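Visitor: Position chains H, S and P against the provided structure of chain L, taking the given hints into account.
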Amino acid sequence: MTEWILFIVLTAVAVGSALMMVLNRNPVHAALWLVLTFLAVAVFFLVLGAQFLFAAQIIIYTGAIMVLFLFVVMLLNLEREREPIVTGGQRAAAVALAFALLAVLVIAIAARTSFPTMAMVPGGITLTDLGVALFDEWLLPFELASILLLVAMIGAIALARRRT
Amino acid sequence: MSAIGNAIRQSLAILKGMGVTLRHILREPRVTIQYPEERPKQSFRYRGIHQLRLDENGKELCVGCNLCGLVCPSECIYVEGAETDAPEEARVSRYERYALVYVINAARCLYCGYCVEACPTDALAMTPQFELGEYQKRNCIYDKEDLVRNHRRWADQAGYGIEWCNPAKLEEWTGDAKPVGPPSHPAVEP
Amino acid sequence: MVPTIAYVIVSAVLFTIGVAGVLLRRNALIVFMSIELMLNAVNLSLAGFARQFGSATGQVFILFVLAVAAAEVAVGLAIILAVFRHRDTVDVDNMNLMKW
Amino acid sequence: MEYLIMTIKAVVVFAVVAGSMPFIVWAERKVMADAQARIGPNRVGPYGILQSFADALKLMFKEDVTPRQVDKPIYFLAPVLAMIPALTAFAVVPYGSPEVTVYGVPIFYVTDPKQVGVLWVFAVTTLSVYGVVLAGWASNNKWSLLGALRSAAQMISYEVALGLAILGVVLGSGSLSLIDIVEKQAVPRAFGIPGIWLFAQPVAFLLFFTASLAETNRTPFDLPEAESELVAGFHTEYSSFKFAMFFMAEYINVLTVSAVVATLFLGGWLGPGVGQFPLLGVVYFALKTAALIYLIMWLRATLPRFRYDQLMRFAWKVLLPLGLANVFITALWVGLRGGT
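Residue numbers (the working numbering), protein chains in the order written: chain L, 2 to 165; chain H, -19 to 170; chain S, 44 to 143; chain P, 3 to 342.
No lab work stands behind these hints: they were computed from the structure. Because the structure is a prediction, the values reported are computed rather than measured. Hints may contain errors.
Unchecked claim - Which chain L residues stay away from chain P? Per the calculated CB distances, all over 10 Å, these:
{"no.": "1", "residue": "6"}
{"no.": "2", "residue": "8"}
{"no.": "3", "residue": "12"}
{"no.": "4", "residue": "36"}
{"no.": "5", "residue": "72"}
{"no.": "6", "residue": "89"}
{"no.": "7", "residue": "96"}
{"no.": "8", "residue": "113"}
{"no.": "9", "residue": "144"}
{"no.": "10", "residue": "148"}
{"no.": "11", "residue": "149"}
Claimed, not checked - Stretch-level coverage of chain P by chain L, calculated; a stretch enters the list once three of its residues show a Cβ under 8 Å from a Cβ in chain L:
{"no.": "12", "stretch": "145 to 152"}
{"no.": "13", "stretch": "156 to 163"}
{"no.": "14", "stretch": "286 to 292"}
What the hints assert, rightly or not - To give an idea of the interface, some chain L residues facing chain P are shown, with a C-beta separation under 8 Å as derived from the structure:
{"no.": "15", "residue": "10"}
{"no.": "16", "residue": "53"}
{"no.": "17", "residue": "63"}
{"no.": "18", "residue": "64"}
Just so you know, even glycine gets a beta-carbon here, dropped at the ideal spot from N, CA and C.
Pulled out of the complex, with its shape left as it was, chain L reads as follows (with noise of 0.2 Å):
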């Protein structure tokens, strides 16, 4: 039943949050919008028996890259300039596009998947599940995540720095 409540209060949320940021004409606004529905989705997380994700989500997401997001429409000043609306026919060819992709996933998980009739498997996955299975069975693509995260870090001072 607590699940229920929270699942239902969480997806209004993250789904109504999201919504205001596509709609929001102001840069700042749609950020912050974006920040609830990553905190919906930390939440969600803490539901899921994730606590660990539920701490890096919000350490990740919403304590660093929103806040350089943040920083660089700050930077940028960009409320300055309007952003101009997407004419009517690519507008509704969007909205169009994006009901048909949703009706697909929606059918596709309802119609296509076993989960309802699946056991749940008891007892959540505690932190030291977690670790084991990251340093043991995915080891390789761990030490591949990090040298991505030091060649994106090359990239982004490359790309950044103003050439002298």
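Guide: Quick look at chains H, S and P alone, frame taken from chain L:
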């Protein structure tokens, strides 16, 4: 290697700074003056609001010459002089000429003391009075009566222009400093 | 107990909103934010699967997505900054040339 | 029932933390006055201890100015966002021995999420940037915006050092739970050295303390509000109670940071005699926190503000390598000992 040396030196500098602060926290005497109860001692030539001095007979020294008004950079002094033939006992002033109207706008005054220097009879001087706050702007206008009242209140205290007029107190007011000019008028009792 | 399928459908809805954002908006930064939203939507369904199967693999995947998202943001924002410096705009319609 | 108990504890902790804020402000003014050969507040109440209440009252009755060009929703949201993270970090800090129970309920911590613990403190600290950044942006004022931009860059930079410093302790303790971390410190080390992490992880302590000063915008890292160059930085346009909220947030942050450092590095509630009298734990915790608060104020009285480029260089060229080296050495040590 020098980078590490620098880092160590800088860390030690922080510790040294903290030590200085701690020394001050522990044994520095407090310099705060508890103002309304305890009053700060003004310098003996402090330029507070003006006073119009009286001579030993209680006669005004001002002759209404308006030299103070002329020299005033902010033009805040208004003087109307007048003359009288009345005998000396009946006069307001020590001289035949006297000030009919003498007004200082303290809200405009910048307390430079030029007026005191310009005064030929040493009638105008300043007081150590620094609490000049008022709720109404019109209360900042000092007429002759107010200025004479200032004299009665502050006559035995030093102030710009008066320090050489009271030789008896000179030692106490000036300390080692010597007065800049001889007194042109005798000391005055309030 | 909320069935996993509910979480997956919420994830699908969020993903669709992200796609709509990419299609509807012209501001490169907001397009970028929509992409982040899509990544997050996928994370949500991965977390649901992880609970369903009681396996840490789903959560490990989310960690990788987080790492990739962080890398992507660093490079992406650097590109947007560079473009803004050159063209003084972040409108994606104006970024149709591979050179200057 | 469990949630009800947690709520009650949370409310009590909230009241104590928010209630001690005025006294921290008073203490800071007294310490600063001491260092500067002044007396400090001494009019309102004995030794001026009620000065903060008088100030709060004054701020509440002041005119609440909302400049015309501000972005209203965010302008009103920002002070709240500044307050919330400061208060929520306390949720996982154990402020006394968990052995003390009332009707079987341990009362000296609000909650102890074994898998999140320290991460929660870290996550909440990262959120505290929003209050400052949004306040600066919403004010629509160039000084505020500069303060906000500085703050965003500063906080992102110092978060890295903060995380690396926490990693050292977490690696050594083998747990993310703050209670476990404190209990790990109860065992003395070789030569009778107390087991607190201050002695085993001095580098991590310095890193964490420095980075958390930067995270909470305390001197010498108070660039976002550098009054001598940015008027008042991010809160230039705030007046009345909204300003008071930023002010409260800053001092609650000081308290939170001190409490977290006391827990992570100084052994929290541990101290001689706690075994026999578990209630003493609260006293030890309060004393350690108070000592750290005093240290923060002492630093403020001593150090001048960093220049912006120095600040960034310090974060990336000094703290980051130190933190990485510390994590590396700690990991090596833990690995060689065969786990914690």
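Visitor: Now tell me, hint by hint, if it's right for this structure.
Guide: Here is how each hint holds up against the structure:
The claim that residue 6/L is not at the interface with chain P holds, since no C-beta of that chain comes within 10 Å of its own (minimum 13 Å). With a least beta-carbon separation of about 17 Å from chain P, residue 8/L lies farther than 10 Å from that chain, consistent with its non-interface assignment. Once the 10 Å rule is applied to beta carbons, residue 12/L is consistent with being away from chain P; the minimum gap is 21 Å. Residue placement check: residue 36/L does not keep its beta carbon more than 10 Å from all beta carbons of chain P (closest about 7 Å).
With a cut of 10 Å on Cβ distances, residue 72/L falls inside the contact zone with chain P, its closest approach being about 5 Å. For residue 89/L, the requirement that its beta carbon stay farther than 10 Å from each beta carbon of chain P is met, with the minimum near 30 Å. Look at residue 96/L: its CB is around 27 Å from the nearest CB on chain P, clear of 10 Å, so calling it non-interface holds up. Every CB of chain P lies more than 10 Å from the CB of residue 113/L, the least distance being 34 Å, so the non-interface label holds.
For residue 144/L, the requirement that its beta carbon stay farther than 10 Å from each beta carbon of chain P is met, with the minimum near 15 Å. Separation of residue 148/L from chain P is adequate, the least Cβ-Cβ distance of about 16 Å exceeding the 10 Å criterion. The claim that residue 149/L is not at the interface with chain P holds, since no C-beta of that chain comes within 10 Å of its own (minimum 18 Å). Coverage of a stretch by a chain is defined here by at least three residues with a beta carbon nearer than 8 Å to that chain's beta carbons; for the stretch 145 to 152 of chain P and chain L the count is 3, and the condition holds.
Chain L is given as covering the stretch 156 to 163 of chain P, and this holds because 3 residues of the stretch bring a CB closer than 8 Å to a CB of that chain, at least three being needed. As drawn, the stretch 286 to 292 of chain P meets chain L at 0 residues by the rule of a beta-carbon pair under 8 Å; below three, the given contact is violated. A hinted interface residue such as residue 10/L counts as satisfied when its beta carbon comes closer than 8 Å to some beta carbon of chain P; here the least separation is about 15 Å, so the hint is violated. About 6 Å separates the beta-carbon of residue 53/L from the nearest beta-carbon of chain P, less than 8 Å, and the hint is met.
Interface restraint check: residue 63/L against chain P, minimum CB-CB distance 6 Å, threshold 8 Å, status holds. Look at residue 64/L: its Cβ gets to within about 3 Å of chain P, closer than 8 Å, so that hint holds up.
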